[in-house]
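Full structure from sequences and hints, please.
For the sequence shown, numbering that gives the first Met the number 0 assigns the number 0 to the initial residue and increments by one for each residue that follows.
Just so you know, the hints here were simulated from the structure itself, not pulled from any lab data. The structure presented is a predicted model; accordingly, all values stated were derived computationally and were not measured. Ideal Cβ placement from N, Cα and C applies to all residues, glycine included. There may be inaccurate statements among the hints.
Have a look at the derived ranges for each label pair, beta carbon to beta carbon [as the list claims (entries may be wrong)]:
{"hint": "1", "residue 1": "Thr317", "residue 2": "Ala283", "range": "25 to 33 Å"}
{"hint": "2", "residue 1": "Gly221", "residue 2": "Ala199", "range": "16 to 24 Å"}
{"hint": "3", "residue 1": "Ala19", "residue 2": "Ala369", "range": "15 to 23 Å"}
{"hint": "4", "residue 1": "His174", "residue 2": "Ala280", "range": "33 to 41 Å"}
{"hint": "5", "residue 1": "Gly350", "residue 2": "Leu502", "range": "12 to 20 Å"}
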Amino acid sequence: MGNSKLSSSAHSPVGAGIFACALALICGAAVFTGLAPLRVFEHDIFFLLDNAYRVLQGQVPHRDFFSAWGPVIHLIGAGGLFLARMKPDGIAYANAICAALIGIWAYRVGRVRLGSAAACCMGIYTVLLIATPSSLGYGALMFSHAMVYNRYGFALLGIILVECGTHFFGTEATHRGAISSGAAFAILGFLKISYALAAAPILLLGYAFGSGRARRLMIFCGTAAIVSFPFLGYLRFDVGDMLRDLAMAGAARRLSWHPTELFADGFGLIGETIPLLLLLATLALARRSAAAGESKWRVRELVLVGVTTAVGALLLTTNHQPGGLPLNAFAALVLADPYLVRRQSGDEADGPLGFAMAFLMVVCVLRVAAPDAVSLGAAAWERYRGDAPALRLASERGATIDFEPVRCLTSSETGGPGYVAALNDGIELLRRHTSAGDGVLAIDMMNPFNYLLGRRSPVGGVSAGAYNYVLSDAAHPTDERFFGNARCVLVRKYGREVGDFALEQFNIDGLFRIYRPALEARFRLVEETRHWRLYVLCGGVGRLQAGLPAR
Numbered sequence: 000m001g002n003s004k005l006s007s008s009a010h011s012p013v014g015a016g017i018f019a020c021a022l023a024l025i026c027g028a029a030v031f032t033g034l035a036p037l038r039v040f041e042h043d044i045f046f047l048l049d050n051a052y053r054v055l056q057g058q059v060p061h062r063d064f065f066s067a068w069g070p071v072i073h074l075i076g077a078g079g080l081f082l083a084r085m086k087p088d089g090i091a092y093a094n095a096i097c098a099a100l101i102g103i104w105a106y107r108v109g110r111v112r113l114g115s116a117a118a119c120c121m122g123i124y125t126v127l128l129i130a131t132p133s134s135l136g137y138g139a140l141m142f143s144h145a146m147v148y149n150r151y152g153f154a155l156l157g158i159i160l161v162e163c164g165t166h167f168f169g170t171e172a173t174h175r176g177a178i179s180s181g182a183a184f185a186i187l188g189f190l191k192i193s194y195a196l197a198a199a200p201i202l203l204l205g206y207a208f209g210s211g212r213a214r215r216l217m218i219f220c221g222t223a224a225i226v227s228f229p230f231l232g233y234l235r236f237d238v239g240d241m242l243r244d245l246a247m248a249g250a251a252r253r254l255s256w257h258p259t260e261l262f263a264d265g266f267g268l269i270g271e272t273i274p275l276l277l278l279l280a281t282l283a284l285a286r287r288s289a290a291a292g293e294s295k296w297r298v299r300e301l302v303l304v305g306v307t308t309a310v311g312a313l314l315l316t317t318n319h320q321p322g323g324l325p326l327n328a329f330a331a332l333v334l335a336d337p338y339l340v341r342r343q344s345g346d347e348a349d350g351p352l353g354f355a356m357a358f359l360m361v362v363c364v365l366r367v368a369a370p371d372a373v374s375l376g377a378a379a380w381e382r383y384r385g386d387a388p389a390l391r392l393a394s395e396r397g398a399t400i401d402f403e404p405v406r407c408l409t410s411s412e413t414g415g416p417g418y419v420a421a422l423n424d425g426i427e428l429l430r431r432h433t434s435a436g437d438g439v440l441a442i443d444m445m446n447p448f449n450y451l452l453g454r455r456s457p458v459g460g461v462s463a464g465a466y467n468y469v470l471s472d473a474a475h476p477t478d479e480r481f482f483g484n485a486r487c488v489l490v491r492k493y494g495r496e497v498g499d500f501a502l503e504q505f506n507i508d509g510l511f512r513i514y515r516p517a518l519e520a521r522f523r524l525v526e527e528t529r530h531w532r533l534y535v536l537c538g539g540v541g542r543l544q545a546g547l548p549a550r
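In structure tokens:
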């Protein structure tokens, strides 16, 4: 592998131009599309909307409501809602802005650590990874903004992998590289803690080997501390609340974490890893006649591939993600870059093997980038046509969300007509018995009602009510913290005939079992419909408090 730093002047302006055009095209398409018609994990959109809405009202995650995620994803959503004047399209606008910023960041790292072609690929890949309106591993046409934080996490991990991986292979260390990795690591810690933990073995590649380790480590730690400071300030430096929430979530996640599930679709995982392994084998073939002094690089290449695969596989087991290993593309760029640089300079000594390495690198990139491009393009086309069959849910302020008819039995009442009917039922129930000043708490996976009705969110509740995933019987917020200052509570009901009954009812039963004693002691049931049970604070709220009949 190469052992000298590439200067920015060595990069072709053509690469910069291609990246700039791709950046404008991808982010422009994301802004044009806005919130894509939802086809899977439809109710997850309210994870983003509800928590961003809370943040805009001045609530702070971990202090005012329980969250298994750091504040980063909620702040991103809040910025988007602010720009879009509270319309749900703001989620897509925020993703487009962050895709541009992180994509430029990735491209700048690539310009220092990689050649022109690899840097351009890295930048475009990162932009597309964040801007795409679908969940990793669930199909290009299954539009959804669910689990978008996983896309952010892989993008930031990729930046760290390229910086540390190239240093691991002997490329001259730079202070800017340590600054970049320190900033990315800090953001990961306040995005989703599992990604910060997953970064540890990657960071070892860059900070346990090579020259200037002590100075680089000091710069890395200093940058991480500086970048963490604004987030800690936003959290009012209440680290205890954040650690308590993360500890609860970790204890709950262990109950549903089954690493053996990784092997349930073993052929799929192997299939995603084969191009990277073939690239590694091609590198070994290309160096068969190399001097003995270069043989150590084979071991380091193997270590890089092993770490990349292990980290990606580990994250697959902790994420709700059936497939997709985005880190493989970043590792492929690091491995193939020296040969791309030589070919760009006119040196064709590698012959067919050099071409094979370039081809396999492209395959690794396209394994994730191609479905992402199809997803973004298809979503933009749906917006352009404007006549796709959809159910439209309107909020108090006129914001609309499109739900397409369900394409999967396991989302029959968390998406499509069933979900829209349930939400409209809950909205009408609240309008009958409560007033505009009564914020609502929901015992359900998500709470859409305060955002949809334009009501002030009560303090308390959870960012996402996933039983045995973020909270459990043994680890959950106290009754006082959960109910906070809520004046009414909606408890979700699922019909036994729906496709997702078993999964969703398991979740509701778990939450209801934990909080039922306090709920029935503090609140009273006023009406039960097909989809909901409404409880109001003892002593009355809204219409009941004003003496109006409960219909």
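For this session: Please write out, lowest number first, the hints stated earlier that are contradicted by the structure.
Result: 5
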